[in-house]
Amino acid sequence: MDPLEALLAQIQGLSSTSSDINRLHTILKQADDSLRSESTRLSPILTQLDPSIHSLGFLYILEASMPAPVTKTQAETVVPIVTRFIGACSTEQIRLAPDKFLSVCRKLKDQVMLLEAPIRGVAPLFTALRKLQVSVEHLTPLHSDFLLLCLLAKCYKTGLSLLDDDVFEVDQPRDLFLYCYYGGMICIGQKRFQKALDLLHNVVTAPMSTINAIAVEAYKKYILVSLIRHGQFSTSLPKYSSSAAQRNLKNFCQPYVELANSYGTGKIAELEAYVKTNAEKFESDNNLGLVKQVVSSMYKRNIQRLTQTYLTLSLQDIATTVQLNSPKEAEMHVLQMIQDGEIYATINQKDGMVRFLEDPEQYKTCEMIEHIDSSIQRIMALSRKLTAMDEQISCDQLYLSKAGRERQRYDFDDFDVPQKFNI
Amino acid sequence: MDADDETSGPMIDEIYANGGGGDDGEKRSRRAIMSGDQLDIEAYAALYSGRTKIMRLLFIADKMSNAPTQLEALRMAYDEIKKGENTQLFREVVQKIDGRLGPNYGMDAAWCDAVDRRAEQKKEKLENELNAYRTNLIKESIRMGYNDFGDFYYAHGQLGEAFKNYVRTRDYCTTSKHIIHMCMSAILVSIEMGQFPHVTSYVSKAEQAPEALDAITVAKLRCAAGLANLEAKKYKLAARKFLETGPELGLHYNEVIAQQDVATYGGLCALATFDRAELKAMVYFPLSTCLSRLPLENIFILISFLPFPSHYASCLEYLGNLKANLLLDIHLHDHVETLYDQIRHKALIQYTHPFVSVDLNMMANAFKTTVAGLEKELEALITDNQIQLIVGGTCCTLQARIDSHNKILYARHADQRNATFQRVLETGREFDRDVRSMLLRSNLIKHDFNLRALRKL
Numbered sequence: 000m001d002p003l004e005a006l007l008a009q010i011q012g013l014s015s016t017s018s019d020i021n022r023l024h025t026i027l028k029q030a031d032d033s034l035r036s037e038s039t040r041l042s043p044i045l046t047q048l049d050p051s052i053h054s055l056g057f058l059y060i061l062e063a064s065m066p067a068p069v070t071k072t073q074a075e076t077v078v079p080i081v082t083r084f085i086g087a088c089s090t091e092q093i094r095l096a097p098d099k100f101l102s103v104c105r106k107l108k109d110q111v112m113l114l115e116a117p118i119r120g121v122a123p124l125f126t127a128l129r130k131l132q133v134s135v136e137h138l139t140p141l142h143s144d145f146l147l148l149c150l151l152a153k154c155y156k157t158g159l160s161l162l163d164d165d166v167f168e169v170d171q172p173r174d175l176f177l178y179c180y181y182g183g184m185i186c187i188g189q190k191r192f193q194k195a196l197d198l199l200h201n202v203v204t205a206p207m208s209t210i211n212a213i214a215v216e217a218y219k220k221y222i223l224v225s226l227i228r229h230g231q232f233s234t235s236l237p238k239y240s241s242s243a244a245q246r247n248l249k250n251f252c253q254p255y256v257e258l259a260n261s262y263g264t265g266k267i268a269e270l271e272a273y274v275k276t277n278a279e280k281f282e283s284d285n286n287l288g289l290v291k292q293v294v295s296s297m298y299k300r301n302i303q304r305l306t307q308t309y310l311t312l313s314l315q316d317i318a319t320t321v322q323l324n325s326p327k328e329a330e331m332h333v334l335q336m337i338q339d340g341e342i343y344a345t346i347n348q349k350d351g352m353v354r355f356l357e358d359p360e361q362y363k364t365c366e367m368i369e370h371i372d373s374s375i376q377r378i379m380a381l382s383r384k385l386t387a388m389d390e391q392i393s394c395d396q397l398y399l400s401k402a403g404r405e406r407q408r409y410d411f412d413d414f415d416v417p418q419k420f421n422i
Numbered sequence: 000m001d002a003d004d005e006t007s008g009p010m011i012d013e014i015y016a017n018g019g020g021g022d023d024g025e026k027r028s029r030r031a032i033m034s035g036d037q038l039d040i041e042a043y044a045a046l047y048s049g050r051t052k053i054m055r056l057l058f059i060a061d062k063m064s065n066a067p068t069q070l071e072a073l074r075m076a077y078d079e080i081k082k083g084e085n086t087q088l089f090r091e092v093v094q095k096i097d098g099r100l101g102p103n104y105g106m107d108a109a110w111c112d113a114v115d116r117r118a119e120q121k122k123e124k125l126e127n128e129l130n131a132y133r134t135n136l137i138k139e140s141i142r143m144g145y146n147d148f149g150d151f152y153y154a155h156g157q158l159g160e161a162f163k164n165y166v167r168t169r170d171y172c173t174t175s176k177h178i179i180h181m182c183m184s185a186i187l188v189s190i191e192m193g194q195f196p197h198v199t200s201y202v203s204k205a206e207q208a209p210e211a212l213d214a215i216t217v218a219k220l221r222c223a224a225g226l227a228n229l230e231a232k233k234y235k236l237a238a239r240k241f242l243e244t245g246p247e248l249g250l251h252y253n254e255v256i257a258q259q260d261v262a263t264y265g266g267l268c269a270l271a272t273f274d275r276a277e278l279k280a281m282v283y284f285p286l287s288t289c290l291s292r293l294p295l296e297n298i299f300i301l302i303s304f305l306p307f308p309s310h311y312a313s314c315l316e317y318l319g320n321l322k323a324n325l326l327l328d329i330h331l332h333d334h335v336e337t338l339y340d341q342i343r344h345k346a347l348i349q350y351t352h353p354f355v356s357v358d359l360n361m362m363a364n365a366f367k368t369t370v371a372g373l374e375k376e377l378e379a380l381i382t383d384n385q386i387q388l389i390v391g392g393t394c395c396t397l398q399a400r401i402d403s404h405n406k407i408l409y410a411r412h413a414d415q416r417n418a419t420f421q422r423v424l425e426t427g428r429e430f431d432r433d434v435r436s437m438l439l440r441s442n443l444i445k446h447d448f449n450l451r452a453l454r455k456l
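Residue numbers (numbering that gives the first Met the number 0), protein chains in the order written: chain A, 0 to 422; chain B, 0 to 456.
Read the hints as simulated data drawn from the structure, not as lab findings.
Accuracy of the hints is not assured; some may be wrong.
As the list claims (entries may be wrong) - Taking beta-carbon pairs under 8 angstroms as the criterion, some of the chain A residues facing chain B (in silico):
#, residue
1, Asp164
2, Asp165
3, Tyr309
4, Leu310
5, Ser313
6, Asp350
7, Arg377
8, Leu385
9, Thr386
10, Met388
As the list claims (entries may be wrong) - Pairs of lysine-lysine residues, derived as DSBU-like cross-links and limited to a Cα-Cα distance of at most 35 angstroms, are as follows:
#, chain 1, residue 1, chain 2, residue 2
11, B, Lys445, A, Lys28
12, B, Lys367, A, Lys349
13, B, Lys138, B, Lys95
14, B, Lys406, A, Lys327
15, B, Lys52, B, Lys81
16, B, Lys204, B, Lys138
17, B, Lys163, B, Lys81
18, A, Lys99, A, Lys28
19, B, Lys375, A, Lys327
20, A, Lys363, B, Lys406
21, A, Lys266, B, Lys204
22, A, Lys108, B, Lys163
23, A, Lys130, B, Lys445
24, B, Lys375, A, Lys106
25, B, Lys345, A, Lys401
26, B, Lys375, A, Lys299
27, A, Lys156, A, Lys28
28, A, Lys190, A, Lys349
29, A, Lys266, B, Lys367
30, B, Lys445, A, Lys249
31, B, Lys445, A, Lys156
32, B, Lys406, A, Lys299
33, A, Lys349, B, Lys375
34, A, Lys291, B, Lys375
35, A, Lys363, A, Lys401
36, B, Lys138, A, Lys194
37, A, Lys266, B, Lys375
38, B, Lys138, A, Lys349
39, B, Lys445, A, Lys238
40, A, Lys28, A, Lys130
Every residue, glycine too, gets a C-beta built ideally from N, C-alpha and C.
Can you build the whole structure from these sequences, using the hints too?
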């Protein structure tokens, strides 16, 4: 009998109970190589299998039938099959073979990009993500692929919804870097600069023994976003960042560091001149748009400083102090800032005066109380998590063995504790 | 209240009567040297003696652009140097004079050589004596020997050597008098060298001497400490030290500083750094300070001006007149600008302090500036305030906002409640962020460590 037919029968037969599925799994693993050799004949078999019931078998066959380089027409036929599969498959079965699932999804991503329709991959990858995740805090390699597709397809909002989950469990550091980097870019696109800053900060300060290109790119964007958000940038990384990062990152991002220095002087003309001279460098890193935002943020910062000193100020004076060209421009800037909620002011067009108001937030409303309350709850949950983690590590074998080796050998109280834990 | 009325009342009347207090110095029997008019070099130099006289004259000569006065200063410096034994300075002065004063004030090579030869002989003699004393191990003689050496080097302008020798006497000092003598010499040389950290350390050493010090020495030490603080830009401390110097100082310390200098420095620093309460306590009431016994009522007048709002302009004008002469002072010249700025800022802030809103027009009149200029100054003060608050500055803080349309300055009181809420929320956010990234990083490290451990196993 054709081995494939036999396999098909087994898949169909053994896909009901969990013990059966385990048996099936072992059979499939053994049959893996033979499947690969017959990849061309596999597509019709797929039609006979139901993805929701025979997920594991479907997965194996699907994976074997998708050789790496693929033409556009092939991609065209395969993508709907994969999409349907992802939508319909059962979570427990695919969790038995996560790497196969991953490679299927990766190939989907490649094909979708080949077809230049990244948006077709967004929804399937999202479902795939959720199915593969062990818990909401778990980072899968699919996260970064998903975010990449979102970026290419410009579906920022979907990406943002994923970023709202906190991530703690990581399999591969590389996944984390890509995830945070793409996540930072999505947040920048949505103008959520604080969140972007946090994500990029995670990349830059993550433990790494050598620098990687992702960290360098992330550092460049980190400088720019920190200028936009905080108006200042300090070149010293916090103590907990890796020594490799502390020593080397600056050297790769020289133009950006100089941009930050020139921003710090507060002279807009200088900043603009510097940007013009280095425009190609920024352009080649695809950061020119961000750099332009940095320049406009300088105007904003200067206007904000004025709110601290003046109660009312004429538009003409604003224009001269902030080095804008005309009162009309000043009015437009101020108007934009009022709309964005960055300052509180009223413009009196008859007199050409702007009146700066105090922040009307009185911290007396119910919403504010709820906000504070939820923050408190959140932080309490975080501290509980911290304590749990601490306990977990203290009981960890590896930790105890290392700590045991470094203990004092002459502790009279602890005679019974062994010096070394043998695993 | 009575005390300052008494002292300030008649003086203010005098000022009003004499129209400004600038050009009437001659009428008084005790002349004020530091007045608004041209510096009288002879009288100025008469206040000092020793090396500092020469240095001050040279400094004035350098700073003066007015040729006759410059030559006058150089001539007096030449005469003074000829009385001493410092050939290095002699050569310098001759170069500066450049033959402009005639043949009498040219390079007297014969004198130079004679002095140098004498110096060599003396040095040899001192060395021999010192070696003799050292072999004999008589502490007192060794100490005297080093002292003589120090004096010798000081007279010849080799200040570094002088200092070293004075310090060497330390090991041979037996009584506290010796210690004090050593400290005073060291202080003198350090001031001449411009090394004020040494001054501070030796002043504290002298003050710790076990025996009680006599009033003159105490006064001298306070002056020295004040000078050190002035150079270190610690104006408040300097003011305190100068004001604590008693009038016993008299002419005793004129190899370093004149009594009226103490008053000038002290007064200026006090004006720049003390607030009203401190000014009252330290300047008006203690009648035993240098100020009250001095021929320098104008400083006193200055200070009495400050509490009265209508007199700010005249006070600042008067200070402006004094400035030219103050720039010629060897210790004060680089601090004049800073002190003046501080005084002006303090005046501005004090003016606005009691009010909730201030009309900028009236304020500009009181300070005799334009409204626009005043606005710029106030803006700078308010913006600086942000920085000062972070750094922890003291007097120059202006919490206000300017209504540019109506030209009014409004005092602004920080809303503590809102500020607290904001800080709380911000702290919560930061904690949240930091802990989350920490957990993430620790996971990464654990993963890495696990990998490595697995590989080892």
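Results for each hint:
At about 11 angstroms, the closest approach between the beta carbon of Asp164/A and any beta carbon in chain B exceeds 8 angstroms, and the interface hint on this residue is violated. A cut of 8 angstroms between beta carbons decides the hint on Asp165/A: the least distance to chain B is about 6 angstroms, and the hint holds. For Tyr309/A, the shortest C-beta to C-beta distance to chain B is roughly 5 angstroms, which falls under 8 angstroms, so the interface hint holds. Checking Leu310/A against chain B by beta carbon gives a least distance of about 4 angstroms; that is within 8 angstroms, so the hint holds.
Checking Ser313/A against chain B: minimum C-beta separation of about 6 angstroms stays under 8 angstroms; hint holds. Of the supplied interface hints, the one on Asp350/A holds, with its beta-carbon coming within about 7 angstroms of a beta-carbon of chain B, less than 8 angstroms. Among the interface hints, the one on Arg377/A holds; its C-beta lies about 7 angstroms from the nearest C-beta in chain B, closer than the 8 angstroms criterion. Hint status for Leu385/A relative to chain B: holds, with the closest Cβ pair at about 6 angstroms, below 8 angstroms.
Interface restraint check: Thr386/A against chain B, minimum CB-CB distance 11 angstroms, threshold 8 angstroms, status violated. The beta carbon of Met388/A comes within 7 angstroms of a beta carbon in chain B, closer than 8 angstroms, and the hint placing it at the interface holds. Taking the CA atoms of Lys445/B and Lys28/A, the gap is near 31 angstroms; set against the 35 angstroms cutoff, the hint holds. Distance restraint check for Lys367/B and Lys349/A: the Cα-Cα separation of roughly 32 angstroms lies within the 35 angstroms cut-off, and the hinted pair is therefore satisfied.
For the suggested pair Lys138/B and Lys95/B, the alpha carbons sit about 45 angstroms apart, so the restraint of at most 35 angstroms is broken. About 23 angstroms separates the Cα atoms of Lys406/B and Lys327/A, which keeps this hinted pair within 35 angstroms; it holds. The suggested pairing of Lys52/B with Lys81/B holds, with an alpha-carbon distance near 13 angstroms, which does not exceed 35 angstroms. Restraint check for Lys204/B and Lys138/B: satisfied, since their Cα atoms lie roughly 21 angstroms apart, inside the 35 angstroms limit.
Distance check on the hinted pair: Lys163/B and Lys81/B sit about 26 angstroms apart at the alpha-carbon level, within 35 angstroms; holds. For the proposed pair Lys99/A and Lys28/A, the alpha carbon gap of about 11 angstroms is at most 35 angstroms, so the pair holds. For the suggested pair Lys375/B and Lys327/A, the alpha carbons sit about 23 angstroms apart, so the restraint of at most 35 angstroms is met. Proximity of Lys363/A to Lys406/B is assessed by CA-CA distance (about 34 angstroms); at most 35 angstroms being required, the pair is judged to hold.
Between the alpha carbons of Lys266/A and Lys204/B the distance comes to roughly 50 angstroms, so the proposed pair goes past 35 angstroms and is violated. Distance hint between Lys108/A and Lys163/B is unfulfilled; the C-alpha atoms sit about 81 angstroms from each other, more than 35 angstroms. For the suggested pair Lys130/A and Lys445/B, the alpha carbons sit about 25 angstroms apart, so the restraint of at most 35 angstroms is met. Pair hint Lys375/B plus Lys106/A does not hold up; C-alpha atoms about 65 angstroms apart against a cutoff of 35 angstroms.
For a cut-off of 35 angstroms, the pair hint linking Lys345/B to Lys401/A is broken: about 63 angstroms separates their Cα positions. The hinted pair formed by Lys375/B and Lys299/A meets the criterion: a straight-line CA distance of about 21 angstroms does not exceed 35 angstroms. Between Lys156/A and Lys28/A the alpha-carbon distance is near 39 angstroms, which puts this suggested pair outside the 35 angstroms criterion. Between Lys190/A and Lys349/A the alpha-carbon distance is near 34 angstroms, which keeps this suggested pair within the 35 angstroms criterion.
As the CA atoms of Lys266/A and Lys367/B are separated by approximately 32 angstroms, the hinted pair is consistent with the 35 angstroms bound. For the proposed pair Lys445/B and Lys249/A, the alpha carbon gap of about 27 angstroms is at most 35 angstroms, so the pair holds. Between the alpha carbons of Lys445/B and Lys156/A the distance comes to roughly 33 angstroms, so the proposed pair stays at or under 35 angstroms and holds. This hinted pair checks out: Lys406/B and Lys299/A have alpha carbons roughly 25 angstroms apart, not beyond 35 angstroms.
Between Lys349/A and Lys375/B, the direct Cα distance comes to roughly 25 angstroms. Compliance with the 35 angstroms bound is thereby established for this hinted pair. Note on Lys291/A and Lys375/B: the hinted pairing holds, with a Cα-Cα distance of about 31 angstroms set against a maximum of 35 angstroms. Proposed proximity of Lys363/A and Lys401/A is contradicted: the alpha carbons are some 53 angstroms apart, above 35 angstroms. The straight-line distance between the Cα atoms of Lys138/B and Lys194/A is roughly 76 angstroms, outside the 35 angstroms bound, and the hint therefore fails.
For the hint linking Lys266/A to Lys375/B, the alpha-carbon distance of about 18 angstroms falls within 35 angstroms, and the restraint holds. For the hint linking Lys138/B to Lys349/A, the alpha-carbon distance of about 90 angstroms lies beyond 35 angstroms, and the restraint is violated. Restraint check for Lys445/B and Lys238/A: satisfied, since their Cα atoms lie roughly 19 angstroms apart, inside the 35 angstroms limit. Of the pairs offered as hints, the one joining Lys28/A and Lys130/A holds, with about 22 angstroms between alpha carbons and a cut-off of 35 angstroms not exceeded.
The structure fails to meet hints 1, 9, 13, 21, 22, 24, 25, 27, 35, 36, 38 from the earlier list, while all remaining hints are met.
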